[in-house]
Amino acid sequence: MPAAPKKTANEKARARRLYAKLDALYPDAKCALHFDSPFQLLVATILSAQCTDEAVNKATPALFAKYPTPAKMADAKVEDLEKLVKTCGFYRNKAKNIKAAAAGIMEDFDGEVPQTIEDLITLPGAARKTANVVLGNAFGINEGMVVDTHIGRLSVRLGFTQHDSKNAVKIEQDLMALFPRKTWTQLAHLFIAHGRAVCKAQRPACDTCPIKRSCPQKSL
DNA sequence: CTCCCGATAT
DNA sequence: ATATCAGGAG
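Position 126 of the first sequence, counted from 1, bears residue number 126 in the working numbering, the numbering being contiguous throughout.
Please keep in mind that the hints were generated in silico from the structure rather than gathered at the bench.
Because the structure is a prediction, the values reported are computed rather than measured.
Every clue listed holds true.
Okay, derived cross-link-like pairs now, BS3-like style, lysine-lysine, Cα gap no bigger than 25 Å in a straight line:
| no. | residue 1 | residue 2 |
| --- | --- | --- |
| 1 | K166 | K200 |
| 2 | K30 | K212 |
| 3 | K21 | K200 |
Given these sequences and hints, build the entire structure.
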């Protein structure tokens with residue numbers, strides 16, 4: 001991992017102001033995925049790739065009722081998992097991945113979800129974004145920052161990065177240099193909440209956006 | 001870079 | 001009909 005890019009005091013101050021505004025606007029922002037354990041959050045997050053949290057939450061109750069633990073999911077039939085996750089899209093890959101991830105947890109991590117990015121990304125279907133979601137929301141660990149589609153988009157629009165919205169690794173480095181480590185998990189929830197409600201991908205509500213005064217988009 | 005893929009919004 | 005959704009693997 002390269003060194004964090006330098007940020008000026010002004011940039012950090014602006015980041016703090018934006019954080020405070022978003023925190024006031026979305027005081028209840030939190031993880032929208034439903035789960036009862038770190039393992040279930042890991043599975044829900046794998047399922048959430050290119051799929052809404054709402055759609056994942058419709059599928060996971062039946063999935064977790066039948067396969068609540070790594071031990072049980074590792075022994076599941078892939079065809080049965082495919083049926084249970086079908087509505088989430090990419091269902092063949094996702095069914096194979098959650099079974100293999102459960103098996104990996106059993107074989108390599110003594111049945112417990114690991115608590116580092118390095119270990120988490122050894123699990124099929126889990127890369128950096130998924131690892132950061134699990135660490136932040138299941139373990140309260142801020143090792144890195146989640147950069148999903150919303151956070152990438154808002155980071156570009158709000159001017160927190162000069163990189164393309166698809167360059168998740170670079171954006172993560174920019175955000176980590178800009179925001180205090182303790183805020184990383186909640187910042188992701190705030191960006192996602194604002195990204196869903198106002199700063200949407202298709203038709204952003206810039207006219208009524210509560211933070212448009214501090215957004216570079218207002219002059220475009 | 002391509003492929004995986006159903007549900008929903010526009 | 002097209003774009004997008006808490007992406008990841010080959």
